[in-house]
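Just so you know, the protein sequences line up as chains E, V, Y and P, in that order.
In this text, residue positions in the first sequence follow this note's numbering: the first is 1, and each later residue adds one.
In this text, residue positions in the second sequence follow this note's numbering: the first is 1001, and each later residue adds one.
In this text, residue positions in the third sequence follow this note's numbering: the first is 2001, and each later residue adds one.
In this text, residue positions in the fourth sequence follow this note's numbering: the first is 3001, and each later residue adds one.
Read the hints as simulated data drawn from the structure, not as lab findings.
Cβ coordinates follow ideal geometry from the N, Cα and C atoms, glycine included.
Check each hint, because a few of them may be wrong.
Unchecked claim - Below, simulated BS3-like cross-link-like pairs (lysine-lysine); rule was C-alpha separation at most 27 Å, straight line: (1) Y:Lys2142 with E:Lys169; (2) E:Lys145 with P:Lys3058; (3) V:Lys1161 with V:Lys1030; (4) Y:Lys2142 with E:Lys30; (5) Y:Lys2142 with Y:Lys2063.
Stated by the list, open to error - DEER-style ranges, computed between Cβ atoms: (6) P:Asp3061 with V:Val1585: 42 to 50 Å; (7) Y:Ile2036 with P:Lys3058: 56 to 64 Å; (8) Y:Leu2286 with E:Ile162: 28 to 36 Å; (9) E:Val20 with Y:Ile2058: 41 to 49 Å; (10) P:Asp3061 with V:Ser1616: 23 to 31 Å; (11) E:Ile162 with Y:Trp2357: 38 to 46 Å; (12) E:Thr131 with Y:Val2333: 31 to 39 Å; (13) V:Leu1046 with P:Asp3061: 53 to 61 Å; (14) P:Lys3059 with Y:Arg2106: 31 to 39 Å.
In case you want the letters, here they are:
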Amino acid sequence: MIPLPNLDVIAFLVLATFAVLCGLSVILQKHAVASALSLVGVMGALAVLYLMLGAEFLAAVQMIVYAGAIMVLFVFVIMLLNAGSEQKSNRPRYFAYFAGIPALLVFLGLIANFILRELPNSASVQFGAFTQGGPAPVGRLLFTKYLLPFEVTSLLVLIAIIGAMVLAKKEID
Amino acid sequence: MTESQSLWLIPILPLIGAAINGLLGRRLPKAAVSAIAILTVLGSFLWVIKTISALGDLAAPHSEHYFTWIQSGTLDIGVDFMIDRLTRVMLLIVTGVGLLIHIYATGYMDHEEGFARFFSYLNLFMFFMLTLVLAKNFLLVFVGWEGVGLASYLLIGFYLKEKFAGDAGKKAFIVNRIGDFGFSLAMFLIVLTFGSLDFTKVFAAAAKMPVEAHAGILTAIALLIFVGACGKSAQMPLYVWLPDAMAGPTPVSALIHAATMVTAGVYIVARASVIFDRAPLALDVVSYIGLLTAVVAATIGMTQYDIKKVFAYSTVSQLGFMFMACGAKAYSSGIFHVATHAFFKAVLFLGAGSVIHALHGEQDMRNMGGLRSKTPQTFITLCLAWLAISGVPPFSGAMSKDEILIAVHGKSEWMFWVGVVTAGLTAFYVSRAMFMTFFGEYRGKAHPHESPFSMTGPLWVLGLLSAVGGYLVRDLVHSIGPEVAEHGDHSSLGFIVVAAGLIGIALAAFVYLFSRGLSQSFAKALGPVYHLVYDKYRVDEFYDAVIVRPIQAGSTWVLWRGVDHYLVDGLVQGIGNTIGNVGVVLRRAQGGHIPSYATWIAVGAAAALVGFQILSGGAR
Amino acid sequence: MDYFLVSLIKIVVVFGAFMTTLAYLQWVERKVLAHIQLRLGPQRVGPHGLLQPLADVIKLATKEGVIPANVNTFFYILAPFIAVSLALISIAVIPFGPAIELFGVRTNLELTSLNIGVLLILAISSVGVYGIALGGWASNNKYSLMGGLRSSAQMISYELPMAIALATPLLVLNTLDLRQIAERQGGGWFWNWTAFSAPPLLFIAFVVFLISAFAETNRVPFDLPEAENELVAGFHTEYSSLAFAGFFMAEYANMVTITCVATTIFLGGWHPPFPAPYSNYVPTALFWFFGAILLFHGLTQPARRWDRFTFPIFGVLSLGLGAIFLGATFFPVVGQILFPVFWFVAKVGLLLFIFIWVRGTLPRFRYDQLMRFTWTFLFPVALGCLLLTGLKVALFG
Amino acid sequence: MLPNAVPVSWYLVLSAILFSLGVAGFLIRRNIITVFMCIELMLNAVNLSFVAFSYELKKIDGQLFTFFVMVVAAAEAAVGLAIILTIFRHRMSLEIDDVSSLKN
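Using the sequences provided together with the hints, build the complete structure.
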């Protein structure tokens, strides 16, 4: 029997590559809809990564809330405004391209270096090793330790709903 | 304490009433507003009676601890209520008289704007007054103290449309601040000396102190407390706010500025009797100030024409009597006078209110007269109070005043004689007011009518109380202790006091009933003196010239034009201009362009991270 | 390797059955609609049009796939793929029957078991909107765009009551695993099913779920995204050939999936409405009754020439099916698969029939009515239902 | 050769990469909606690190933070998109360079 390659590693590499490619696509695509769909791709990849990290509930919420609600809203607005693709700017951004991107790469390297140095032997991720991310434990913690933040957040969402309605309502001439 | 914790209910009930009327009152019908106001006070009155009857003779005070309010180092101030024999009397006066005046006010205020607002304030006052009386430590007393001051301010300025009402409210508030300042200093000294504000602890410690070693500090505390009492109880030289406070509605004058709040000063002196007993100098000061106030206010009262002003000065004068009693260590007599005074002065004010109500707002006695037949019930009840304040036995006022003057006689002979003369003056000016109002011909233009039952009812109850109330409360008051000198040895002194009162009435009758014009000629003959007295000794003007104007001038010329304009403004504007100039340069960075802001944020974050790397890099 | 092999077999079987169902669902729908409207429906291809789905597939596959000018080609082609694949995923977590043992291998009658199965269903259905929205937008056609926008708004709106209605029985069942959900309803009479327990709260939730399901699948009376008299054909106006087939299939796949979910969560999954020994004879009785009628009808009063042959043949087939089920009662190895699947399919079929029935009966809503209906009626009802159920669970366990 | 396990730090590095991509997008894109999406990308990256730490520490508090971030992101998206709609209605443009009324 052929020894199976370690699925955790393969899955991570595939998903990570996918996520990074989609992320690149988010910022490089000319069209807003394409960016939005790439972002959905990132979110999908992240959802699966959450699943591997034992956060089942979050994986589902990630799909339902982020991909299913927030991003649909984005796509909806893009279509509604028919935002189309970006026009060429009459002011080229040399600063961003020639200073910003390299700086960003340096920045990234520093962070990566920092992480790998600070966490030299962090736990290795194995699917199914950590199973506390189901709806039951999350819900229990949410309604005990984090009850106040939860209630405050719900209030915030209510305010956001009202605010969005007021803002988006057509002004009466 | 095995008893249930139930004292808190007494002040809370009026607070609930105040909250309901204050928040919802405008939407409720008047009947509901009055019902809420009266029922809450009635509730606390009944609760007071139930509590008192349940607690027996109160040989030991009953106290209740609710929660710790302030804890700082060794200082531990709780919200504690206490009921002892002194509190018992005060509670009965406050809730009983308060209840009657609430009932009265429903009739008196019937046509006024802000009906609910009025009762909300009145209930609020009851809450703070009861807190003051029930409190077991100085700080909680101070809460009530300030609270009644607030309620008083609100109620004096109740007629929002009248400028003088607002001014009077402010005057009361500001003058009281001086007293409160004294009271606060007293509290600081108490904390410093005794390390606590709790009555039980402070008085127990004070009682153990050898007088010789600590006379200084105790005198200082006592005097500072007395400064506070002077402010609240309108003694010289802080009495000026009380006559002006008559700008408020009459029930307010009766409740706050005659029966209850102004006696808080007497209450706190009596409460701190342990300290005063050990500070002879302070006691002398209390006596002198009380006597001086009594005389001065009585003489002013003789010349006033506004019926409420007369009674206001009368109140100031009677408060002086109470302090005289305290100064003579006859605290229970002082409290006795508080009680009887609450009855008869309430009647006088309520009667005056009834008259004013009958005359549609007329307050000048020169426009009254002959109201005896027009408002018979008011007249009869007022007569009872008149005889009581004049010191005619067997009415209540005679009993307490006798006791006070006898006690004063024990302290000093000359003060007794001045007191007797003042008692005569008291009888004179009250009789003057009665004669000018109810006897002779009616000189006004309005059509007087008797007041409704809601006003005459309380008048009758209080009138009867001022007649016989002395017998009712005597034992209660005397249980406070220390023992008062018995009448037996001093019956002759008692006769002198009664005689002084009768002479005062007779003189007034002579001058104002039988020999019209005599008063005018007196006034002419005395000329400048009369005018000086009529103008209330020009005290307000004196204060204005000596205190108010210099401060104003100093503020204007030194602080405003000088310090503020040149120094502060110069500095501030100089800084502002500099910053503005720098801003002109820096503004270029603010393009209003979001990505550039974001770039700066990113650069900042990156810089922070790099810095962190460098700093932490060495560690590993 | 057993695991992979078994999984592979299950995938093949389920996928095959699912695709066949989709194809024939369309035939059933046309037939039922036709009979509601007193027509005959497909009749030409095969007996009673039974081969019509095959013909349709061939037709669509061989048509020319037109990609209109000025469309965003990538998204234009991507959209139907998204729609189809998302529609097909959910079936993976639906349990069709209990755990069985066959040839010494013990396995569950489902593709995969997730302990957050319900959440997965919700997640998939919430991203399902992308296919339609994207298709509508990529077509570069205002009718398509309108259809896409409408569908986005409609699906977001109706997802709320649907999710809440789905959450309501979870309060009682206390699990998110679809298999456990189904198992906890079994072992007795039909009033153990969630839809009938805690009356009438959960039944209301069931109805709310069904109504929302109509909207989620863009079915009549909520088929605004493809309202032909306003929007030509809505989001798939510009689609043809296999791309069109993709959307078409996605719609039916969604319908089947959502009825499967409803069956599993509300109607007791594979459990019969009354206990086992007696319920096992029901299929036989039903098939024999049906077969007898067909035989009788075909032999005595054939309406058309071919009916004289086709009806008896169907009747005999039906009798044979009945016999198989009767035989299955004696062979548990067969019965353990046949009976659960029969009940599951029967319930799903019933719900699907309701879908078609409603399509044949109700007119289409106006768009503002549609939105107002969900926000001011359906959503509050679902919410109230959830609250009351929660209260009941909290108070009475 | 592939390692036979993935350490949590790799997840964190992935998170950092995604975050940096979000920052870069924020800086170089000019369409407000895209910029907004880049913010969401950054939020997602942070969420990933929360979940990764939750795994590392074997505590689910981190997952709850992610949950809250998601909810707040939903609120933010609602309001943000409403603002974008309003801006578009007034200026008929989604260019971020055109929206500079923060100046002065």
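Hint-by-hint comparison with the structure:
1. Y:Lys2142 with E:Lys169: 23 Å, holds
2. E:Lys145 with P:Lys3058: 17 Å, holds
3. V:Lys1161 with V:Lys1030: 21 Å, holds
4. Y:Lys2142 with E:Lys30: 22 Å, holds
5. Y:Lys2142 with Y:Lys2063: With Cα atoms ~25 Å apart, lysine 2142 of chain Y and lysine 2063 of chain Y stay inside 27 Å; holds.
6. P:Asp3061 with V:Val1585: 42 to 50 Å: Check passed, 47 Å falls within 42 to 50 Å.
7. Y:Ile2036 with P:Lys3058: 56 to 64 Å: Given a distance of about 60 Å, which is inside 56 to 64 Å, the answer is holds.
8. Y:Leu2286 with E:Ile162: 28 to 36 Å: The hinted range 28 to 36 Å is violated for leucine 2286 of chain Y and isoleucine 162 of chain E, with Cβ atoms some 55 Å apart.
9. E:Val20 with Y:Ile2058: 41 to 49 Å: 43 Å, holds
10. P:Asp3061 with V:Ser1616: 23 to 31 Å: At roughly 25 Å between Cβ atoms, serine 1616 of chain V and aspartate 3061 of chain P fall inside 23 to 31 Å, so the hint holds.
11. E:Ile162 with Y:Trp2357: 38 to 46 Å: 41 Å, holds
12. E:Thr131 with Y:Val2333: 31 to 39 Å: Check passed, 35 Å falls within 31 to 39 Å.
13. V:Leu1046 with P:Asp3061: 53 to 61 Å: Between leucine 1046 of chain V and aspartate 3061 of chain P, where Cβ atoms are some 56 Å apart, the hint holds.
14. P:Lys3059 with Y:Arg2106: 31 to 39 Å: 36 Å, holds
When held up to the earlier numbered hints, the structure conflicts with hint 8 and nothing else.
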